[in-house]
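> Here the structure of chain Z is known, so what remains is to put chain D in place on it, guided by the hints.
Those sequence lines, one after another, are chains Z and D. For the first sequence, the positions run 286 to 374 when this note's numbering is used. For the second sequence, the positions run 1143 to 1340 when this note's numbering is used.
Just so you know, these hints were derived from the structure itself, not from any lab. Among the hints, erroneous ones may be present.
[Unchecked claim] To be clear about the criterion: a stretch of chain Z counts as covered by chain D if any three or more of its residues have a C-beta under 8 Å from a C-beta of chain D, and this derived list gives those stretches:
# : region
1 : 311-323
2 : 336-349
[Stated by the list, open to error] Here are the simulated DSS-like pairs of lysine-lysine, each with C-alpha atoms no more than 27 Å apart in a straight line:
#  : chain 1 : residue 1 : chain 2 : residue 2
3  : D       : 1221      : D       : 1305
4  : Z       : 321       : D       : 1309
5  : Z       : 364       : D       : 1302
6  : Z       : 307       : D       : 1335
7  : Z       : 292       : Z       : 307
8  : D       : 1245      : D       : 1221
9  : D       : 1245      : Z       : 364
10 : D       : 1245      : D       : 1305
11 : D       : 1213      : Z       : 292
12 : D       : 1241      : D       : 1335
13 : D       : 1191      : Z       : 369
14 : D       : 1221      : D       : 1339
15 : Z       : 369       : D       : 1213
16 : Z       : 362       : D       : 1302
17 : D       : 1221      : D       : 1241
18 : D       : 1309      : D       : 1220
19 : D       : 1241      : Z       : 321
20 : D       : 1339      : Z       : 362
21 : D       : 1264      : Z       : 311
22 : D       : 1203      : Z       : 364
23 : Z       : 311       : D       : 1302
24 : D       : 1213      : Z       : 362
25 : D       : 1203      : D       : 1213
26 : D       : 1221      : Z       : 364
27 : Z       : 307       : D       : 1241
28 : D       : 1335      : D       : 1264
29 : D       : 1305      : D       : 1213
30 : D       : 1335      : Z       : 364
31 : Z       : 369       : D       : 1339
32 : D       : 1203      : Z       : 307
33 : D       : 1339      : D       : 1241
Don't be surprised by glycine CBs; every beta carbon is placed ideally from N, CA and C.
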Amino acid sequence: MWRLMNKIMLSCEEATALISVKRHRKISIIQQIQLKMHLMVCRYCRRFDVQNNFIDQAMETWFDTEKVHPTEHISQKQKAFLHKVVDEA
Amino acid sequence: MSRKKKFRCDTSGWVEAYSDQLFRYAFLRINNREDAEDLVQETFLSGIKGLDNFRGDCTEKTWLFNIINRKIIDYYRKKSTHASSNTVSIEADPELFFKMFFKDKGALGHWRADATPSDWGKQADADLESSEFMNILQLCMSRLPALWCSVFRMKNLEEKENKEICKDLSISASNLWVIIHRAKLQLRGCLEKEWIKA
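Isolated chain Z (complex conformation) (with noise of 0.2 Å):
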């Protein structure tokens, strides 16, 4: 019994691995199964989901260009330095 046990339930690696790429790919329906079972009675990977979710969502408005880096610059030196190299050219 413990022995089938171990074979269906996920160990925490093999969950987290699951939770990790879930947006990216779909995952089988057993896996889904595997995966329900296991964060059912382990709450650090409830844990572990909720914060994989505030990741992704964080580096969405991260990569969201002109929200977050509206200000970035090429520094002055380097854009004289261009000047010369276009000129150049």
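Same frame as chain Z, now just chain D:
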């Protein structure tokens, strides 16, 4: 001929018109100021050299962005081959990486006591766009290996399909999933340390 001439004259305005835009575009994707500046420079040079091939069937802006896009992909590639030949310890042994987070299979592969996710509680409702949080996220992103970072850039910025990412970075699909898994574990740990518990 006259058209070609016209473009030649226009190059003098490129730096003022496009250097900031191109820089921002590259910087956001490679997260390295100096390298981004170099890419902008190379883009202008390639642009000038290739003027004869520019037929004006797209705007010069689109054309320059096409050039820098190709250069960014080359940059990712260089980084990914560099990472596999000149390995950091965690890159060398993936098993070792996971051992920082999980116990052995014998112990059912549970979280290690010193790596368990703690409850982030209310703090995770914080404003994602606040500069304080963004600075911490930037710090944690910069601690990821360049290849892992480029995966997220390609996903979020370029909205590339998984297949395309694998092709551009010359990695297999299962490599891609492992990279995402590792990056998430490491990012989560870093955010908890630098943000929640700081």
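> Indicate, hint by hint, whether the structure satisfies it.
Checked hints:
| no. | hint | in the structure |
| --- | --- | --- |
| 1 | 311-323 | violated (count 0) |
| 2 | 336-349 | holds (count 11) |
| 3 | 1221/D with 1305/D | 19 Å, holds |
| 4 | 321/Z with 1309/D | 33 Å, violated |
| 5 | 364/Z with 1302/D | 31 Å, violated |
| 6 | 307/Z with 1335/D | 25 Å, holds |
| 7 | 292/Z with 307/Z | 21 Å, holds |
| 8 | 1245/D with 1221/D | 31 Å, violated |
| 9 | 1245/D with 364/Z | 52 Å, violated |
| 10 | 1245/D with 1305/D | 33 Å, violated |
| 11 | 1213/D with 292/Z | 47 Å, violated |
| 12 | 1241/D with 1335/D | 18 Å, holds |
| 13 | 1191/D with 369/Z | 15 Å, holds |
| 14 | 1221/D with 1339/D | 32 Å, violated |
| 15 | 369/Z with 1213/D | 21 Å, holds |
| 16 | 362/Z with 1302/D | 34 Å, violated |
| 17 | 1221/D with 1241/D | 25 Å, holds |
| 18 | 1309/D with 1220/D | 14 Å, holds |
| 19 | 1241/D with 321/Z | 24 Å, holds |
| 20 | 1339/D with 362/Z | 39 Å, violated |
| 21 | 1264/D with 311/Z | 31 Å, violated |
| 22 | 1203/D with 364/Z | 18 Å, holds |
| 23 | 311/Z with 1302/D | 16 Å, holds |
| 24 | 1213/D with 362/Z | 22 Å, holds |
| 25 | 1203/D with 1213/D | 15 Å, holds |
| 26 | 1221/D with 364/Z | 26 Å, holds |
| 27 | 307/Z with 1241/D | 22 Å, holds |
| 28 | 1335/D with 1264/D | 16 Å, holds |
| 29 | 1305/D with 1213/D | 20 Å, holds |
| 30 | 1335/D with 364/Z | 38 Å, violated |
| 31 | 369/Z with 1339/D | 49 Å, violated |
| 32 | 1203/D with 307/Z | 37 Å, violated |
| 33 | 1339/D with 1241/D | 22 Å, holds |
Hints 1, 4, 5, 8, 9, 10, 11, 14, 16, 20, 21, 30, 31 and 32, counting from the list given before, are not met by this structure.
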